[in-house]
Amino acid sequence: MAKQITFEFEDKEYILEFTRKSVETMEKQGFVANEIAEKPMSTLPALFAGAFIAHHPYTKKETIDKIFDKLTNKQELIGKLAEMYNEPIMALIDEPSEDEGNVNWGASW
Amino acid sequence: MGSELVNSAPLHTYTYAEQFNSQFPFYLSIGMTYDQFWNDDCELVVYYRKANELRNTQKNQELWLQGMYIYEALCCVSPVLHAFAKDGTKPLPYPDKPYAISEKEIKERKETIEKENRKKAMAVFMAWSSQLNVPSNTEREEVNADVHHD
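From first to last, the protein sequence lines stand for chains A and B.
Going left to right, the first sequence walks through residues 0 to 108 as numbering that gives the first Met the number 0 numbers them.
Going left to right, the second sequence walks through residues 0 to 149 as numbering that gives the first Met the number 0 numbers them.
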């Protein structure tokens, strides 16, 4: 099951999700995931808006901006959105089968 | 050697869409539809890959089984294929039933064989016992009565 974010805004239920088509559409519109760190002010709202394409493609930009402004805990939201954005590509990558030669890794944070 | 990581030539980066497009034909070949790949749950591909693996394993199993049947058939006709076979040599009969594959079938087959063996043993025993001159029950009772009178 794909990762989704759900919330209610002005009596309407919203489901945010990324499909391969919505990621492709975003890239066609000029979205570059690598720019999140360099241009967060324009990239993050675009990432948020892109999550509407799958289930609510006709939502107005003003409504999306309004929702973005009102959403709490943005730091966590952005992390979740980035994870969701990567999901369509990550699902295409095969996990190596259990093998003695596999490399295990750890992170310091 | 080993200087690749410090090479100043810019890396060619692929967009996500390019990756999707390159992998799309494979998923079409294993039965995914256009809509499922592009618009449905993006995790679906994982299950299609697993299903494809299962299908390949099953196909491999079927081909192996077919090979076994061909091998068996060759073994059965091999006596007549012999260049110096005696006149009147007949091929061995081909197995009258396919191989038992499921556990239920194996169990049933085993039970049938055991039942047939029991029947054979019973028949052998009956044939052996009929050859013996064992007195019948009435004769035996008469003998017993004579013994008591004495």
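No lab work stands behind these hints: they were computed from the structure.
You may find that some hints are simply not true.
[To be verified] Capping the alpha-carbon separation at 20 angstroms, the derived lysine to any residue pairs in SDA-like fashion look like this:
#1 A:27 to B:37
#2 A:2 to B:46
#3 A:27 to B:73
#4 A:2 to B:9
#5 B:49 to A:92
#6 B:49 to A:64
#7 A:2 to B:73
#8 A:38 to B:12
#9 A:27 to B:11
#10 A:38 to B:49
#11 A:2 to B:67
#12 A:27 to B:95
#13 A:27 to B:130
#14 A:2 to B:84
#15 B:49 to A:71
#16 A:79 to B:49
#17 A:27 to B:14
#18 B:49 to A:0
#19 A:27 to B:30
#20 B:49 to A:86
#21 B:49 to A:27
#22 A:2 to B:38
#23 A:2 to B:34
#24 B:96 to B:73
#25 A:79 to A:101
#26 A:2 to B:39
#27 A:27 to B:34
#28 A:27 to B:17
Results for each hint:
1. A:27 to B:37: holds, 15 angstroms
2. A:2 to B:46: Roughly 16 angstroms between the alpha carbons, so the hint for residue 2 (chain A) and residue 46 (chain B) holds.
3. A:27 to B:73: At roughly 62 angstroms apart (the allowed maximum being 20 angstroms), residue 73 (chain B) and residue 27 (chain A) break the hint.
4. A:2 to B:9: violated, 34 angstroms
5. B:49 to A:92: holds, 13 angstroms
6. B:49 to A:64: violated, 40 angstroms
7. A:2 to B:73: The hint is violated at about 56 angstroms.
8. A:38 to B:12: Judged against 20 angstroms, a Cα distance of about 19 angstroms means the pair holds.
9. A:27 to B:11: The hint holds at about 18 angstroms.
10. A:38 to B:49: The given pair, whose Cα atoms are some 39 angstroms apart, is violated under the 20 angstroms limit.
11. A:2 to B:67: violated, 47 angstroms
12. A:27 to B:95: violated, 64 angstroms
13. A:27 to B:130: Distance ~97 angstroms between residue 27 (chain A) and residue 130 (chain B) Cα, so the pair is violated.
14. A:2 to B:84: violated, 71 angstroms
15. B:49 to A:71: With Cα atoms ~39 angstroms apart, residue 49 (chain B) and residue 71 (chain A) exceed 20 angstroms; violated.
16. A:79 to B:49: Outside the cut-off at roughly 27 angstroms; violated.
17. A:27 to B:14: Roughly 10 angstroms separates the two Cα atoms, so the pair holds.
18. B:49 to A:0: holds, 15 angstroms
19. A:27 to B:30: Given that 20 angstroms is the threshold and the Cα spacing comes to 27 angstroms, the pair is violated.
20. B:49 to A:86: holds, 18 angstroms
21. B:49 to A:27: Violated, because 31 angstroms separates the two Cα atoms, which is more than 20 angstroms.
22. A:2 to B:38: Holds, at about 14 angstroms.
23. A:2 to B:34: holds, 18 angstroms
24. B:96 to B:73: holds, 16 angstroms
25. A:79 to A:101: At roughly 28 angstroms apart (the allowed maximum being 20 angstroms), residue 101 (chain A) and residue 79 (chain A) break the hint.
26. A:2 to B:39: With a Cα-Cα distance of about 12 angstroms, the restraint between residue 2 (chain A) and residue 39 (chain B) holds, given a limit of 20 angstroms.
27. A:27 to B:34: holds, 19 angstroms
28. A:27 to B:17: holds, 11 angstroms
In summary, the numbered hints that this structure violates are 3, 4, 6, 7, 10, 11, 12, 13, 14, 15, 16, 19, 21 and 25.
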